[in-house]
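Novice: Protein chains in written order, with numbering that gives the first Met the number 0: chain A, 0 to 247; chain B, 0 to 247; chain C, 0 to 247; chain D, 0 to 247; chain E, 0 to 247; chain F, 0 to 247.
Please keep in mind that the hints were generated in silico from the structure rather than gathered at the bench.
There may be inaccurate statements among the hints.
[Stated by the list, open to error] To list a few chain C residues with every Cβ distance to chain D over 12 angstroms, as calculated:
no. : residue
1   : GLU11
2   : ILE22
3   : GLU28
4   : GLY34
5   : LEU35
6   : ALA40
7   : ALA49
8   : THR61
9   : ASN63
10  : SER82
11  : GLU136
12  : THR142
13  : ARG162
14  : THR187
15  : TYR196
[To be verified] The calculated SDA-like cross-link candidates involving lysine to any residue, where the alpha carbons are at most 25 angstroms apart (straight line), are:
no. : chain 1 : residue 1 : chain 2 : residue 2
16  : A       : LYS197    : E       : LYS184
17  : C       : LYS184    : D       : VAL245
18  : E       : LYS102    : E       : GLY186
19  : B       : LYS184    : A       : LYS197
20  : F       : LYS16     : F       : GLY160
21  : D       : LYS156    : D       : LYS226
22  : C       : LYS197    : B       : GLU181
23  : A       : LYS16     : B       : LYS102
24  : B       : LYS197    : C       : LYS197
25  : F       : LYS184    : E       : THR187
26  : D       : LYS197    : F       : SER17
27  : D       : LYS16     : D       : GLU242
28  : D       : LYS184    : C       : GLY214
29  : D       : LYS102    : F       : CYS140
30  : F       : LYS184    : F       : CYS140
31  : B       : LYS197    : B       : GLU181
32  : F       : LYS184    : E       : GLU139
33  : D       : LYS102    : D       : LYS226
34  : B       : LYS226    : B       : LYS197
[To be verified] Partner residues are not named here, just some residues of chain D that face chain C (Cβ under 8 angstroms, in silico):
no. : residue
35  : MET77
36  : ARG205
37  : LEU244
Idealized CB from N, CA, C, for every residue including glycine.
Protein chains: 6
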Amino acid sequence: MRLHLSTWTEVELHLQKSTGIIIPIGSTEQHGPTGLIGTDAICAEAIAIAVGTATQSLVAPTINVGMALHHTGFPGTMSLRPSTLILVIRDYLTCLARSGFTKFFFINGHGGNIATLKAAYAETYAHLADLNVPNFERIECQTANWFMSGSVYRLAKELYGDREGSHATPSEVALTQYLYPEFIKSGTLAPHQSPEYKILGAADFRRRYPDGRMGSDPSLATPEHGKQFFDLAVKDLTASYLEFLVSE
Amino acid sequence: MRLHLSTWTEVELHLQKSTGIIIPIGSTEQHGPTGLIGTDAICAEAIAIAVGTATQSLVAPTINVGMALHHTGFPGTMSLRPSTLILVIRDYLTCLARSGFTKFFFINGHGGNIATLKAAYAETYAHLADLNVPNFERIECQTANWFMSGSVYRLAKELYGDREGSHATPSEVALTQYLYPEFIKSGTLAPHQSPEYKILGAADFRRRYPDGRMGSDPSLATPEHGKQFFDLAVKDLTASYLEFLVSE
Amino acid sequence: MRLHLSTWTEVELHLQKSTGIIIPIGSTEQHGPTGLIGTDAICAEAIAIAVGTATQSLVAPTINVGMALHHTGFPGTMSLRPSTLILVIRDYLTCLARSGFTKFFFINGHGGNIATLKAAYAETYAHLADLNVPNFERIECQTANWFMSGSVYRLAKELYGDREGSHATPSEVALTQYLYPEFIKSGTLAPHQSPEYKILGAADFRRRYPDGRMGSDPSLATPEHGKQFFDLAVKDLTASYLEFLVSE
Amino acid sequence: MRLHLSTWTEVELHLQKSTGIIIPIGSTEQHGPTGLIGTDAICAEAIAIAVGTATQSLVAPTINVGMALHHTGFPGTMSLRPSTLILVIRDYLTCLARSGFTKFFFINGHGGNIATLKAAYAETYAHLADLNVPNFERIECQTANWFMSGSVYRLAKELYGDREGSHATPSEVALTQYLYPEFIKSGTLAPHQSPEYKILGAADFRRRYPDGRMGSDPSLATPEHGKQFFDLAVKDLTASYLEFLVSE
Amino acid sequence: MRLHLSTWTEVELHLQKSTGIIIPIGSTEQHGPTGLIGTDAICAEAIAIAVGTATQSLVAPTINVGMALHHTGFPGTMSLRPSTLILVIRDYLTCLARSGFTKFFFINGHGGNIATLKAAYAETYAHLADLNVPNFERIECQTANWFMSGSVYRLAKELYGDREGSHATPSEVALTQYLYPEFIKSGTLAPHQSPEYKILGAADFRRRYPDGRMGSDPSLATPEHGKQFFDLAVKDLTASYLEFLVSE
Amino acid sequence: MRLHLSTWTEVELHLQKSTGIIIPIGSTEQHGPTGLIGTDAICAEAIAIAVGTATQSLVAPTINVGMALHHTGFPGTMSLRPSTLILVIRDYLTCLARSGFTKFFFINGHGGNIATLKAAYAETYAHLADLNVPNFERIECQTANWFMSGSVYRLAKELYGDREGSHATPSEVALTQYLYPEFIKSGTLAPHQSPEYKILGAADFRRRYPDGRMGSDPSLATPEHGKQFFDLAVKDLTASYLEFLVSE
């Protein structure tokens with residue numbers, strides 16, 4: 000049940016059953032010569048909608064642009080600064096908390112968002128207490144990174160070993176191939192590099208990872224793998240969300 | 000050509016042909032008892048993608064949450080504060096301008112965004128000059144409100160007269176019915192009120208417009224109307240965008 | 000009754016009769032080779048004081064510097080960034096609302112302020128609700144642009160046709176000539192250009208409009224015209240203000 | 000030579016002779032039952048204009064609202080927060096420094112502005128260096144408090160002794176009486192209190208100083224005194240400004 | 000070599016040998032009924048100074064107050080909001096980077112700082128690039144959490160098993176006992192709870208963890224343990240820092 | 000009684016006796032070729048702890064980095080911008096005020112902090128009122144500059160005359176020599192300059208005061224002087240603090 004496809008009266012009714020909401024957050028950033036710029040948002044959104052369906056939960060609109068400053072040396076990348084993203088999260092949750100929502104489950108598609116999201120939750124908890132929003136002391140946020148869920152991680156290792164790498168990975172590329180088979184890209188990849196993980200500023204990133212990948216080999220991706228990843232992620236996160244809803 | 004479905008190498012190539020980009024911006028706000036909360040984002044995104052196809056232009060990801068503070072008295076509404084939205088626009092355009100983009104065409108689905116967008120452009124022009132971004136003196140933003148384009152406006156008047164109203168209008172509801180026929184909602188509407196236009200804070204808005212509509216009668220909407228609005232909007236905005244690209 | 004020429008005890012008494020206040024806002028920006036840099040503030044202040052007298056209303060001190068970033072390529076121009084102006088408006092209205100004022104009538108002399116003012120009102124309504132200021136739900140702001148009032152607009156068209164232009168217009172220059180006859184300036188104007196309206200950043204503005212005017216011919220202005228404009232503006236805005244005070 | 004009554008071409012010429020500018024800054028705050036709310040702005044502006052005339056210097060528009068948070072318990076008081084005032088000063092000086100001004104002489108009418116102005120200068124020096132504004136390393140700000148100039152201070156002590164107090168003083172009230180003789184107010188003052196100087200928050204201030212004065216007896220003020228203060232202040236600050244202009 | 004005990008000329012010389020600097024960061028927050036409020040700062044500072052000595056490196060002054068909003072329900076806790084801490088880090092590193100430092104090694108004593116520090120690094124990298132600080136593309140920050148270093152972690156598990164818990168742990172308490180034996184506190188602890196890790200807002204934290212501890216049993220701590228932890232941490236972080244300095 | 004060496008339960012008890020707290024604030028800035036970069040923090044902290052002991056008062060952790068933007072032309076200097084320092088103070092006091100503290104006594108070691116601290120107090124008083132923190136109307140801050148206390152000032156004049164100067168003074172250097180005799184530095188000082196006091200931006204400061212001192216001769220300092228200064232400062236500030244605690 001997507002918030003965007005609901006009416007406010009439906010939301011009002013829904014809140015009587017559940018005060019949880021799923022918020023997909025991705026990024027708009029280069030994913031190497033063959034990965035889609037929207038990979039992180041596309042994956043997060045698709046999984047979020049499926050989890051929403053499985054749990055009859057509301058799904059908020061996707062945060063399409065996240066914290067990707069280190070990728071801004073590549074054209075097409077868009078990023079919020081962390082301080083801006085904190086304000087965005089604060090504004091979102093202030094509205095939703097006043098509507099009556101108390102449990103915010105962020106399905107996240109981008110590792111670079113994790114730290115800022117965590118900082119934003121702390122900032123927001125304090126802000127909602129300052130505003131004395133009803134039930135502020137019960138507000139709870141959780142980040143669910145689909146690519147780090149147990150079964151997804153295991154399958155990626157099994158299929159790709161250390162060629163999974165850590166950016167523009169075959170697993171996320173596979174997932175977008177499954178979702179958008181008509182947008183499977185081909186391109187020349189530089190020879191495989193052993194994984195390295197240092198992430199500093201944008202200029203350094205481009206120098207260090209000239210075609211944008213970080214130790215990954217996305218040529219291994221297939222749409223069939225993508226389907227597997229999708230199904231596992233939806234299953235894992237459905238379980239996580241249900242657990243989150245009842246946890247205290 | 001959606002930015003999200005492109006690679007950075009494709010964007011790099013594209014920039015050699017055109018430095019324009021289309022950015023859809025909507026809102027996540029109540030649209031009366033029968034209008035979708037995502038109406039403004041849904042309409043802006045669909046039109047933007049069609050204009051992008053017609054002009055072979057890049058289309059950025061949709062800004063799903065805009066300036067809708069006055070609607071926050073209704074559950075499900077989400078809003079950025081104007082000062083946050085200014086930062087978001089500034090961050091977006093700083094990234095894109097450094098990538099080489101110079102012409103930003105915002106296809107907007109929500110009247111409440113117009114003023115803040117304009118303020119954000121001014122803030123951004125100055126910011127880019129401060130940063131001495133290449134070509135900063137040629138950066139140009141334009142807001143294209145699909146619902147105010149000439150032929151759309153005329154059709155709405157012709158079909159609905161003063162029952163078009165100014166929020167949760169039959170024209171925008173029709174457009175969402177065309178795009179999402181499986182999500183056509185029914186519901187009881189209060190008797191028609193003559194249009195009023197005052198918009199103050201959220202509490203006042205809810206008191207003044209108890210079911211969320213502003214002088215509109217969305218029960219007049221049909222998916223067929225929606226198709227007409229869609230086609231007219233795409234045609235109008237395609238022309239506007241092409242003109243924008245060549246204007247100096 | 001100017002706030003600056005009142006005591007706090009007089010304000011306290013006045014609030015028992017009326018909770019409205021007039022706030023003049025102008026700009027400090029180039030107005031072509033013969034227009035005063037203070038034109039927008041001078042006009043707004045003079046009209047506001049006259050409206051205040053006509054309505055026995057309080058008039059706040061003038062906001063002398065507004066949003067004029069696009070004029071900052073010309074020496075002597077001063078501007079706030081939009082984000083700063085929003086904070087200024089928020090701070091002003093927070094104080095005044097806590098004093099008991101509820102109706103804020105901005106008499107504005109500068110087109111460039113309009114969008115940011117509107118954004119600032121939205122930001123402020125939400126801020127006052129956050130602070131739970133007494134009567135926050137009844138706070139109301141309105142922008143009254145003297146140069147866009149009906150009779151002023153008609154007279155300008157009648158006297159100057161399309162030589163009115165859109166910046167450093169003969170109508171506003173005339174008004175300053177009426178108010179400050181000893182500061183009527185002469186200077187060489189470039190040949191008349193047909194009006195153009197594009198406003199981007201400061202560098203672009205100076206390139207596009209080399210002497211600062213936008214399609215206007217201020218040499219047509221006379222102090223006598225200025226008196227006519229003044230009288231019409233005061234009459235129009237007096238009516239608007241009275242209507243604003245009783246509107247709900 | 001008031002900036003507001005000049006054209007940009009005159010400013011351009013003037014900058015060839017002098018890169019100094021005088022900026023009056025006041026406040027909009029209660030001044031006891033008989034003092035004008037605009038006292039600090041009125042005094043600063045009048046003195047600034049006279050110093051400008053005496054030195055053929057440019058005078059910027061007055062900053063009418065300063066840092067008066069502690070007075071906001073009295074109706075009619077308006078204040079910026081210190082953090083907002085810092086941004087305002089930063090925005091002003093960024094524009095003027097880019098125009099070519101390097102010496103900023105703030106003629107100040109309100110003790111409560113002093114600290115924030117000093118903080119704002121430091122913030123601005125660093126900001127202008129960040130922006131690499133031409134001549135940023137020569138930018139210089141100075142605060143000139145007319146009420147603390149030597150001869151003014153001596154006359155106040157001579158005329159009023161410790162009844163000068165520290166807020167709503169007879170000296171500043173006298174100055175406004177000289178400038179606005181038609182707005183001389185009468186009112187009942189509570190019995191004289193010995194001076195106390197503690198200034199905390201607004202609620203505390205109102206409790207501590209119930210009618211707004213701080214140990215002052217403004218009933219001693221006369222317009223004739225006001226003329227004396229005015230002449231002394233103009234003389235003192237003219238000398239200070241000339242010294243400031245040539246200092247290195 | 001503590002920065003505070005050096006002169007600027009010594010720093011200038013030192014920069015010719017090394018452009019690295021160690022920055023201790025702690026927190027000022029409740030650590031249960033028997034743990035010191037300064038635990039995190041005390042530990043980080045002592046370890047940082049020892050690592051500085053071992054490596055002949057400069058050690059900056061300690062950031063005593065970090066991100067501890069969730070502990071603010073207990074008296075004596077002090078916290079920056081994440082958005083403030085980001086600005087603090089940005090200001091610190093801007094100064095130091097302009098001095099010539101390029102490698103920033105944060106020795107951290109508080110888990111709650113980790114996310115905000117990471118966000119702050121990203122914000123700062125972009126800020127330094129915006130400012131075009133010399134060598135901005137080589138600036139590098141690293142967080143070294145002493146309590147998560149390999150040998151420390153192993154010893155804690157060995158000594159305390161799951162009674163290490165996750166806040167007010169015996170390992171950190173032991174370290175402060177070693178450093179400040181005269182401040183070993185006694186107090187009644189509630190019965191041991193099995194570890195739980197949820198951290199939301201301040202009110203929830205106090206409700207969930209009534210005496211401030213999170214599944215820990217600090218009564219197991221001894222000064223002798225503390226010495227062991229200290230030595231292990233210094234050894235581990237000395238190695239990490241040396242590796243960091245030569246890494247590219 | 001240092002806050003860092005207390006437990007939260009001790010603080011809770013302490014608050015029943017006294018709601019005052021001492022907060023040392025220094026700076027991290029060049030102090031000439033022979034003065035320690037940490038001079039201002041070292042002095043403030045040592046004096047604060049001694050005053051705390053003498054008065055059985057709580058002493059918060061030291062603010063090690065203050066407002067020293069004008070010193071940032073010398074390597075090793077660290078500074079917050081004034082706007083950041085205001086936020087830091089606001090965050091600190093919000094936490095402490097919510098804990099129950101009402102009297103904040105800042106023992107300050109750096110002249111450059113004074114103005115920003117004062118601005119920060121005003122900002123904070125208003126913020127605490129906005130938050131409706133219990134007892135917000137009784138919150139009180141005071142700055143105690145040890146180097147300006149009566150007896151310290153007199154001794155400095157007596158010992159050094161005008162060679163005390165105003166930065167990197169022999170009195171503060173002496174105090175650090177007393178506290179850290181093993182860190183007494185030697186170095187060549189340029190010939191004595193007569194005192195000058197102008198402080199603008201960082202580039203100007205370095206040009207004007209090439210080795211960092213302002214008219215001071217720190218070679219006159221001795222550890223014995225330092226002890227005298229320390230004892231006088233502790234005595235003076237102990238008296239001031241006790242007076243502050245009982246003042247209303």
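Novice: Hint by hint, note whether the structure agrees.
Specialist: Each hint tested on the structure:
no.	hint	verdict
1	GLU11	violated, 5 angstroms
2	ILE22	violated, 10 angstroms
3	GLU28	violated, 8 angstroms
4	GLY34	violated, 6 angstroms
5	LEU35	violated, 6 angstroms
6	ALA40	violated, 6 angstroms
7	ALA49	holds, 17 angstroms
8	THR61	violated, 7 angstroms
9	ASN63	violated, 4 angstroms
10	SER82	violated, 8 angstroms
11	GLU136	holds, 20 angstroms
12	THR142	holds, 19 angstroms
13	ARG162	holds, 19 angstroms
14	THR187	violated, 10 angstroms
15	TYR196	holds, 20 angstroms
16	LYS197/A - LYS184/E	violated, 42 angstroms
17	LYS184/C - VAL245/D	violated, 31 angstroms
18	LYS102/E - GLY186/E	violated, 42 angstroms
19	LYS184/B - LYS197/A	violated, 51 angstroms
20	LYS16/F - GLY160/F	violated, 43 angstroms
21	LYS156/D - LYS226/D	holds, 16 angstroms
22	LYS197/C - GLU181/B	violated, 43 angstroms
23	LYS16/A - LYS102/B	violated, 46 angstroms
24	LYS197/B - LYS197/C	violated, 29 angstroms
25	LYS184/F - THR187/E	violated, 49 angstroms
26	LYS197/D - SER17/F	holds, 21 angstroms
27	LYS16/D - GLU242/D	holds, 16 angstroms
28	LYS184/D - GLY214/C	violated, 49 angstroms
29	LYS102/D - CYS140/F	violated, 34 angstroms
30	LYS184/F - CYS140/F	violated, 36 angstroms
31	LYS197/B - GLU181/B	violated, 33 angstroms
32	LYS184/F - GLU139/E	violated, 32 angstroms
33	LYS102/D - LYS226/D	violated, 29 angstroms
34	LYS226/B - LYS197/B	violated, 30 angstroms
35	MET77	holds, 5 angstroms
36	ARG205	violated, 10 angstroms
37	LEU244	violated, 18 angstroms
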